[in-house]
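*Asks:* We have chain S already, so just place chain V on it with the hints.
2 protein chains.
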Amino acid sequence: MLLMSFPSIAQQALWGGPNIVSPEINKDHTVTFRIQAPDAKDVKISGDWMPRQGWIPGSADMTKDTAGIWTYTTDVLSPELYSYNIIIDGVKTTDPNNVYLIRDVASVFNIFLIDGGQADLYKINDVPHGTVARRWYNSPGNNTTRRMTIYTPPGYENSKEKFPVLYLLHGMGGDEEAWIALGRTAQIMDNLIAQGKAKPMIVVMPNGNVAQQAAPGESPKGFYKPTMQLPHTMDGQYEATFKDIINFVEKNYRVKADKAGRAIAGLSMGGFHSLHISRYYPNTFDYVGLFSPAIMPDPKVKSEVYDNFDATLKKQMENGYKLYWIGIGKEDFLYKYVKEYREKLDAMGMPYVYRESDGGHIWKNWRIYLSEFTPKLFN
Amino acid sequence: MLLMSFPSIAQQALWGGPNIVSPEINKDHTVTFRIQAPDAKDVKISGDWMPRQGWIPGSADMTKDTAGIWTYTTDVLSPELYSYNIIIDGVKTTDPNNVYLIRDVASVFNIFLIDGGQADLYKINDVPHGTVARRWYNSPGNNTTRRMTIYTPPGYENSKEKFPVLYLLHGMGGDEEAWIALGRTAQIMDNLIAQGKAKPMIVVMPNGNVAQQAAPGESPKGFYKPTMQLPHTMDGQYEATFKDIINFVEKNYRVKADKAGRAIAGLSMGGFHSLHISRYYPNTFDYVGLFSPAIMPDPKVKSEVYDNFDATLKKQMENGYKLYWIGIGKEDFLYKYVKEYREKLDAMGMPYVYRESDGGHIWKNWRIYLSEFTPKLFN
Numbered sequence: 001m002l003l004m005s006f007p008s009i010a011q012q013a014l015w016g017g018p019n020i021v022s023p024e025i026n027k028d029h030t031v032t033f034r035i036q037a038p039d040a041k042d043v044k045i046s047g048d049w050m051p052r053q054g055w056i057p058g059s060a061d062m063t064k065d066t067a068g069i070w071t072y073t074t075d076v077l078s079p080e081l082y083s084y085n086i087i088i089d090g091v092k093t094t095d096p097n098n099v100y101l102i103r104d105v106a107s108v109f110n111i112f113l114i115d116g117g118q119a120d121l122y123k124i125n126d127v128p129h130g131t132v133a134r135r136w137y138n139s140p141g142n143n144t145t146r147r148m149t150i151y152t153p154p155g156y157e158n159s160k161e162k163f164p165v166l167y168l169l170h171g172m173g174g175d176e177e178a179w180i181a182l183g184r185t186a187q188i189m190d191n192l193i194a195q196g197k198a199k200p201m202i203v204v205m206p207n208g209n210v211a212q213q214a215a216p217g218e219s220p221k222g223f224y225k226p227t228m229q230l231p232h233t234m235d236g237q238y239e240a241t242f243k244d245i246i247n248f249v250e251k252n253y254r255v256k257a258d259k260a261g262r263a264i265a266g267l268s269m270g271g272f273h274s275l276h277i278s279r280y281y282p283n284t285f286d287y288v289g290l291f292s293p294a295i296m297p298d299p300k301v302k303s304e305v306y307d308n309f310d311a312t313l314k315k316q317m318e319n320g321y322k323l324y325w326i327g328i329g330k331e332d333f334l335y336k337y338v339k340e341y342r343e344k345l346d347a348m349g350m351p352y353v354y355r356e357s358d359g360g361h362i363w364k365n366w367r368i369y370l371s372e373f374t375p376k377l378f379n
Numbered sequence: 001m002l003l004m005s006f007p008s009i010a011q012q013a014l015w016g017g018p019n020i021v022s023p024e025i026n027k028d029h030t031v032t033f034r035i036q037a038p039d040a041k042d043v044k045i046s047g048d049w050m051p052r053q054g055w056i057p058g059s060a061d062m063t064k065d066t067a068g069i070w071t072y073t074t075d076v077l078s079p080e081l082y083s084y085n086i087i088i089d090g091v092k093t094t095d096p097n098n099v100y101l102i103r104d105v106a107s108v109f110n111i112f113l114i115d116g117g118q119a120d121l122y123k124i125n126d127v128p129h130g131t132v133a134r135r136w137y138n139s140p141g142n143n144t145t146r147r148m149t150i151y152t153p154p155g156y157e158n159s160k161e162k163f164p165v166l167y168l169l170h171g172m173g174g175d176e177e178a179w180i181a182l183g184r185t186a187q188i189m190d191n192l193i194a195q196g197k198a199k200p201m202i203v204v205m206p207n208g209n210v211a212q213q214a215a216p217g218e219s220p221k222g223f224y225k226p227t228m229q230l231p232h233t234m235d236g237q238y239e240a241t242f243k244d245i246i247n248f249v250e251k252n253y254r255v256k257a258d259k260a261g262r263a264i265a266g267l268s269m270g271g272f273h274s275l276h277i278s279r280y281y282p283n284t285f286d287y288v289g290l291f292s293p294a295i296m297p298d299p300k301v302k303s304e305v306y307d308n309f310d311a312t313l314k315k316q317m318e319n320g321y322k323l324y325w326i327g328i329g330k331e332d333f334l335y336k337y338v339k340e341y342r343e344k345l346d347a348m349g350m351p352y353v354y355r356e357s358d359g360g361h362i363w364k365n366w367r368i369y370l371s372e373f374t375p376k377l378f379n
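Going down the list, the sequences are from chains S and V. Per UniProt numbering, the very first residue in the first sequence carries number 1; after that it's consecutive. Per UniProt numbering, the very first residue in the second sequence carries number 1; after that it's consecutive.
Isolated chain S (complex conformation) (with noise of 0.2 Å):
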């Protein structure tokens, strides 16, 4: 055929170097890494399996064999979708052989998975797939356009059946990409639903930045380096126009547009903006998830949404609801500030189902809080 004379030197130098394999998952779960680089003098990997020291990631060595190539080979390691970075000559940067790649904030990991247990969640299984979009809305109380991800069951297109909604937030620093790209939605619920464990249901992915139209990259401002924090994200504002986007969704998608039909959750700042919405709306949702929930029992930031906390806190609690959820690692540098709130909670007779995992603020335990979490909905 004709593109078979596509010269190889063509292929290799735009298609990427020598067919070094990296990373290679071995059949005992070791994982060997390995990079050409014979003119660097030092390179290392970084990975989110290894032990870190405060919020510095571990890194560990690599070794360069007469071949110009450095490899790495893990201990064994569990069944979990991981990150890491190569760093050479003190540059922390992707491994050139795997292109696959997440953003966070502001850096970019490659991730591989182990699969087995949990992990097996996070794969795309030969079973039936829901649809992702991206797709924009009006939002009438940010006098703007914005842009969601929400995702569809599969068959939602082929049926006439109206489906309950969880609205899933993200926290500081993530947007609309967040949560199906490092929280692995669409996977854990094409996978639930398949399994019949989770009813099937429409996941709305805002983006829970009011100053931001859309993710970095995804609005007419362009390319420019993500930052952290951005105004507005926990001001109110954010809670206060939330309703635009429940209109949106029940006037333009089947959903069941009543109490027993919406949930809400979301992870940290998520967690924060779930606890308020679900308080502020104090009959709206019968399914409330925080997950590491970055509670701020005293706010500086005025704002109608934060006032009378706890007599709307009571309020919803009066009206009742069918599962009130909060998760949180042990190590989480939030964890006194949620057992405060518990014991709120206790205190005023609330009832709530709370579940500590191991582990701090980090993607792997809000993907199993999710995992976790769906399952109980709609029931």
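Incorrect hints may have been included.
[Said to hold, decoys possible] Incomplete in silico selection of chain S near chain V, CB under 8 Å:
| # | residue |
| --- | --- |
| 1 | Asp120 |
| 2 | Lys123 |
| 3 | Asn125 |
| 4 | Thr241 |
Treat the hints as calculated values from the structure; they're not laboratory data. Note that beta-carbon positions come from the ideal geometry of N, C-alpha and C, so glycine has one too.
*Replies:* Same frame as chain S, but now just chain V:
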């Protein structure tokens, strides 16, 4: 606020290094790149605006300052979407300060955009935006489910109107992510529609490799190193089963399901596919676009799809169509085959529009061709 208490070391460790901006688009449309690499001996940049030596990409040395930051500033660049890599001590990798990345087969590039002129079509402007969905469909002809990317124009969901459809096919090594990422299809369509230059239309971007269910990383095959060549890409199977895609789209979307409402176009291998699909289904498409098509005048592969080439092409001509559009760059390695094909069309009296551009077999040209082709459709 609580999350303000994230120590700055944590932010630096978790979400990127010191605040280096790279690339910086200067006011005069030169571009400055920066990378902190005090321990590197040699840092280069390789960008697609640099002259190539044959297939070998150009590169230039970056210069180190006393703080260990390497910089490089380009000459004035014309408006365009550009791609580049950083080469650290001989290792071609990505710029750690630029989170905007695109994969092309097995390579990952950083991107940036110089606005103005044609490139303004590639920007996300403040115009109504269509919806981009990744959706799975059943392909009985391939006995499997497969993934496609589908663009529905602004207003599609809130209309009762039927829309015409452009089937837009990728090249060898590409997949259903190629046109939407490298081709900026959603941006081009949003902008042309907003300017009244293109009719609102649905754009279907299927996966043209029947050996794949979906793009690398998006199928049960998991994460693996993508390759340029796959079995069954140019052996007739895709063309013969293309009706599965048309059937799916016409059953599941509000479309004009007639010849006047169908266009097909593709680049390189996708141009080859478009040529053969439009001929094999000779009364199906009123609009055909061959972008740098990989014409295969004497296929070694035997398939009933390629039988009776001349007779079915003549049949297509006799059935009539509104546009048969061929575009190619003067430096394209396929130029001579396209010239031969045009001579064949001339000899048989088959009308076509011919567009010859500068440059070679590159995405810059395919974005231009898409921008010029779509305004000619469905008028």
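*Asks:* Run every hint past the structure and note whether it holds.
*Replies:* Hint by hint, here is what the structure shows:
For Asp120/S, the suggested interface contact is broken, since its CB lies about 11 Å from the closest CB of chain V, more than 8 Å. Residue-level restraint check for Lys123/S holds (minimum Cβ-Cβ distance to chain V is 6 Å; threshold 8 Å). Hint status for Asn125/S relative to chain V: holds, with the closest Cβ pair at about 6 Å, below 8 Å. Annotation: interface hint on Thr241/S violated; nearest CB of chain V at approximately 19 Å, more than 8 Å.
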